[in-house]
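**Q** Chain residues, written in single-letter form:
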Amino acid sequence: MISRAERSANYAILALFAVFALAPIGTVLVTALGPDDASNGGGIANFARAFGAGHFGTYLRMSLLVSVFVVTVSAVLSILSGFALGTMRFRGSTVLFYVFLLGIMMPSEAIVVPLYFDLRALGLTDTFWAVALPQVAQSVAFGTFWMRAFFRTSSRTLVEAARLDGAAPRTILWRVLVPVARPAVTTLVVLTFMWTWNEFLIPLVMVTAEGLRTAPLGLAFFQGQHTQGFTLLAAGAVIVATPVVALYLFLQRQFIAGMLGGAVRE
Amino acid sequence: MKARTTRGSGLGYLYVAPALVVYAAFLLYPLGRSVQLSFYDWDGLTLGRWVGLANYADVLTDDGLRGAFGHALVLIVFYALVPLCVGLVLASILNRAKVRGLPFFRTVVFLPQVVAAVVIAVAWRRIYAPDGPLNSLLHTVGLGSLARAWLGEYDAALPAVGFVGTWFETGLVTVLLLAGASRISPELYEAVRLDGAGPVREFFAVTLPSVRGEVAVALTLTVIAALRTFDLVYVTTRGGPGTSTSVPSYEVYHRAFELGKVGSAAAVGVCLTVVIFAISLAITRVGDRDATS
Numbered sequence: 001m002i003s004r005a006e007r008s009a010n011y012a013i014l015a016l017f018a019v020f021a022l023a024p025i026g027t028v029l030v031t032a033l034g035p036d037d038a039s040n041g042g043g044i045a046n047f048a049r050a051f052g053a054g055h056f057g058t059y060l061r062m063s064l065l066v067s068v069f070v071v072t073v074s075a076v077l078s079i080l081s082g083f084a085l086g087t088m089r090f091r092g093s094t095v096l097f098y099v100f101l102l103g104i105m106m107p108s109e110a111i112v113v114p115l116y117f118d119l120r121a122l123g124l125t126d127t128f129w130a131v132a133l134p135q136v137a138q139s140v141a142f143g144t145f146w147m148r149a150f151f152r153t154s155s156r157t158l159v160e161a162a163r164l165d166g167a168a169p170r171t172i173l174w175r176v177l178v179p180v181a182r183p184a185v186t187t188l189v190v191l192t193f194m195w196t197w198n199e200f201l202i203p204l205v206m207v208t209a210e211g212l213r214t215a216p217l218g219l220a221f222f223q224g225q226h227t228q229g230f231t232l233l234a235a236g237a238v239i240v241a242t243p244v245v246a247l248y249l250f251l252q253r254q255f256i257a258g259m260l261g262g263a264v265r266e
Numbered sequence: 001m002k003a004r005t006t007r008g009s010g011l012g013y014l015y016v017a018p019a020l021v022v023y024a025a026f027l028l029y030p031l032g033r034s035v036q037l038s039f040y041d042w043d044g045l046t047l048g049r050w051v052g053l054a055n056y057a058d059v060l061t062d063d064g065l066r067g068a069f070g071h072a073l074v075l076i077v078f079y080a081l082v083p084l085c086v087g088l089v090l091a092s093i094l095n096r097a098k099v100r101g102l103p104f105f106r107t108v109v110f111l112p113q114v115v116a117a118v119v120i121a122v123a124w125r126r127i128y129a130p131d132g133p134l135n136s137l138l139h140t141v142g143l144g145s146l147a148r149a150w151l152g153e154y155d156a157a158l159p160a161v162g163f164v165g166t167w168f169e170t171g172l173v174t175v176l177l178l179a180g181a182s183r184i185s186p187e188l189y190e191a192v193r194l195d196g197a198g199p200v201r202e203f204f205a206v207t208l209p210s211v212r213g214e215v216a217v218a219l220t221l222t223v224i225a226a227l228r229t230f231d232l233v234y235v236t237t238r239g240g241p242g243t244s245t246s247v248p249s250y251e252v253y254h255r256a257f258e259l260g261k262v263g264s265a266a267a268v269g270v271c272l273t274v275v276i277f278a279i280s281l282a283i284t285r286v287g288d289r290d291a292t293s
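As they're listed, the protein sequences go chains A and B. The opening residue of the first sequence carries number 1 in the UniProt record's numbering; numbering runs sequentially from there. The opening residue of the second sequence carries number 1 in the UniProt record's numbering; numbering runs sequentially from there.
So that you can see chain A by itself, here it is in the shape it has in the complex:
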């Protein structure tokens, strides 16, 4: 029923669309590896030169610290709260769930202005905490939603069985549920890592000291200063994008499932 011509046309469409999606990324990669304006050879050496010229070592270190902190803390807090909201019934649990739901849709723009001035009054701007803690709060909103959904749907019989055996809630959570929840937790971790690594507005507002800049922020400043030629800037862009892209290539299923399932749906 489906003709050969139609099948070939489908492949052509797939190929065209794939090229469209890859072309801008490819442009950056090719430029980053090409000869620079001073004709200094080019190739892999560009990355080393961009690394030095753009201070990317400092920025990557800050991004890594922030990401590890936000991912770890928010994952633990989300597992705890998702467990309570997903398996226990207590007064106000539904209201609490909706309160957390609010945070998923809330844009950073809604909080960043007072957050800056209040943290400045406390002397906390230009610190690691000003960059990390607001992002923990944002990630906890999604994480609670995500873990609650998992604990609610897939583990009721497990919880019942463990409860009949007389296991304490703490044992049920860490010994029974969390091992089963590994896929959900992995998805949560990769998404939180991606969001934290790529975040721009919060570090832009909270930090002026160069040593506290995250990688995307560092790249934006590097673009501002480095107006001569595009080679080193492209190399810097590749450096900043690589950690998340590499993780995506290994765990693409978790990324795609999480980002599509992350739309607020019950």
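Think of the hints as simulated: they come from the structure by calculation, not from any bench. Possibly wrong hints are sitting among the right ones.
A short, non-exhaustive set of chain B residues, derived as facing chain A with CB atoms under 10 Å [stated by the list, open to error]: (1) Y15; (2) L20; (3) L27; (4) G101; (5) R106; (6) L111; (7) A129; (8) P133; (9) V217; (10) F257; (11) V268.
By construction, the Cβ of each residue, glycine as well, lies at the ideal position given by its N, Cα and C atoms.
Put chain B on the given structure of chain A with help from the hints.
**A** Chain B in isolation, oriented as in the chain A frame:
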């Protein structure tokens, strides 16, 4: 249901408490403070002055702010509507014939979603540059007269920024719709084909009704992304030339941290949040009603 109740319901609060404390301190409290600040005229340094709803009146009357929200609407067309149309066409074409290599295709077209917006902005700034790849391409194919400084001209800048959104949202929407379309039973298609339906009627009779849920999710994700555009505008145009690409998110930043109009910035942030809540609620409602009817 009763069986799920844990004795000593204090335990539930104990488990929620740590998350709730961080969440309340760094999201709920600032949100409340945003609302409070939005009633003041404050430069961030001296004592603020209560102005009531004046900042909100500005959102409705001030040309710059009205323009910013208008630009956001244009971005919604580029981020949500165009990808939705392209995605629907692609998904229904690709779903008719089973093709190999779909997982690879999915990986590729989803890739722009995981690249930092700043990196995307740097890449497209280069592509749009007067001596950049886009203009070279136009010259090569003989359309040199169309070449221009894409991000530097009043009429071209906003569509140019919007097209970047089309580029990175189309993959997401297509992947989503393909997943929905692949669940449609082949018998449905055979039934309408026996009725003599062509590809177009097939699309409206079978494909579109079956992927309503996915359309709702796709619209929610992309519309919110359009309304939250900040990184892209900050890095590519800074709202310029003039204010031709200024958007609400950028106005929040610009007013609070560059112009010293903190109250006005807070009011824009609050309005943006309300719009985002309203739109996602409306889309979810419509999606649900359609799904049950």
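**Q** Each hint should be assessed against the structure and marked as holding or not.
**A** So, going through the hints one by one against the coordinates:
1. Y15: holds (4 Å)
2. L20: Where the cut-off is 10 Å and the nearest Cβ of chain A is about 7 Å from L20/B, the hint holds.
3. L27: holds (4 Å)
4. G101: holds (7 Å)
5. R106: holds (7 Å)
6. L111: Constraint on L111/B satisfied, holds at 6 Å.
7. A129: At about 8 Å, which falls below the 10 Å cut-off, the nearest Cβ of chain A leaves the hint on A129/B intact, so it holds.
8. P133: holds (6 Å)
9. V217: holds (4 Å)
10. F257: holds (6 Å)
11. V268: holds (8 Å)
In summary, this structure violates none of the numbered hints.
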